[in-house]
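Student: Next come the chains, spelled out residue by residue.
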Amino acid sequence: MLHTLDVKGEVCPYSTVKTKKKMKDLAIGDQLKVIFDYPLTAEEIPRWAEKAGHKVIEVKKTGDAEWEILLEKAVA
Amino acid sequence: MLESLQESFAAMVILGLFTGAAFGFTLQRGRFCMNTAFRDILLTKDFTTFQAYILALLISIVGVNLLVDFGLIESEIKPFNWLANAIGGYLFGIGIVFAGGCGSGTWYRVGEGLVGSMVAVLGFAISAMAASIGKLDFIRKYLRQEDFTIQINDQAPTLHGLVGANKWIVIAVITAALGIWLFRAQRPAHQKGWTWPVTGAVIGLLIVFGWWSSSLVGKAEGITLASTTVSLLSYPTVGIPKPNWGMFMLIGIPLGAFVSARLLGEAKLRGPSEPSRYLKQFGGGLLMGFAAMQSGGCNINQGLTNLSMLSLGSLEVILFIILGNWTMVWFLFLRD
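Protein chains in written order, with this note's numbering: chain D, 1 to 76; chain U, 1001 to 1336.
Simulated from the structure, these hints should not be mistaken for laboratory data. Treat each hint with caution, since some may be false.
Pair ranges (Cβ atoms, derived) [unchecked claim]:
{"no.": "1", "chain 1": "D", "residue 1": "Ala76", "chain 2": "U", "residue 2": "Tyr1278", "range": "31 to 39 Å"}
{"no.": "2", "chain 1": "U", "residue 1": "Leu1072", "chain 2": "D", "residue 2": "Thr62", "range": "46 to 54 Å"}
{"no.": "3", "chain 1": "U", "residue 1": "Glu1274", "chain 2": "D", "residue 2": "Met1", "range": "48 to 56 Å"}
{"no.": "4", "chain 1": "U", "residue 1": "Leu1319", "chain 2": "D", "residue 2": "Ala74", "range": "35 to 43 Å"}
To be clear about the criterion: a stretch of chain U counts as covered by chain D if any three or more of its residues have a C-beta under 8 Å from a C-beta of chain D, and this derived list gives those stretches [unchecked claim]:
{"no.": "5", "segment": "1040-1054"}
{"no.": "6", "segment": "1265-1275"}
For each residue, glycine too, the CB sits at the ideal point set by N, CA and C.
Excised from the complex, chain D in its bound form (with noise of 0.2 Å):
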């Protein structure tokens, strides 16, 4: 299943935060969709989440200072 977390306008920690929390509540197996508007944040989070690991399925620059991830949770 693939869910979708909007943090444009957080800069780190809240960005990363958010995305741990929601990562937390889903199934392994499930996709999350994270659009954001800060630079460094389109490093922390995939270094997180390979640490934590996860899987880094794409980092995306979108727009003018817009990004998504795709993460996939694969442990619990």
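Dock chain U against the given chain D, drawing on the hints supplied.
Tutor: What follows is chain U alone, placed relative to chain D:
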């Protein structure tokens, strides 16, 4: 020629703006913020930005001491106001969590178009002005009095003075120990901006360049963000101080950051959707500005510009900034 430079207003403006713009450009490319650096150690166990800081510190220590030894600038050791440094550093560390960025982080994000950071800078300027030339200056005068100041042989203490060794031996030991740690550090993953070795190296060189460039057109002061923020508010409002290198350097930071962000397609006016967050960032700015006036400088001034002179007082400030930062990060994000 160098003497005529000292008198030249244009040279001051150009050197100031250039130093600041190069610094701001680098901060934005490297996403260099000490709130990030210290917080991530605790929150995500990620050392990437901290490694950039340590590399910048090592390079500025070597470079600044070379400038001193070649007689290009004079060594200036920050006083060891142990009480003011501890209180100011700790409060500053708490403030940067609420403001969403340290002294340098907040200023470069202004150039990215983050309205929350603009609000934080306003808070910073107002309280720092009150605490330095306004009605609250009695607090800093009290905390920084002689009773709470430690001197060794009538001088402000330094790391090499403390261990009683030649400064280059101390520098060699520090560089070797931290250099080995950096060398073994992980190469960065998922980097979109500059990698930490590039960011750290350029920041370190710019700290050295800042000392030199400011010395050409006035008093050598190096890159500093707290007192200069006060000046940018006090000059238009109450007419002091006279325009100086530091004020133009500070104006250059958001300009350089804007250019960098614009080229990367990362510049846009934006901010949090919850109104309360602006108040929080304003409050964080207020706390930072007040705190920086107690501790004698922000994380850049104390953590790089003056720690490069091996001042013990600067080391104390940066350690307390880390402690304050970790206290708040634990309180806000890790408690449960």
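Student: Hint by hint, which ones does this structure get wrong, listed from lowest number up?
Tutor: 3
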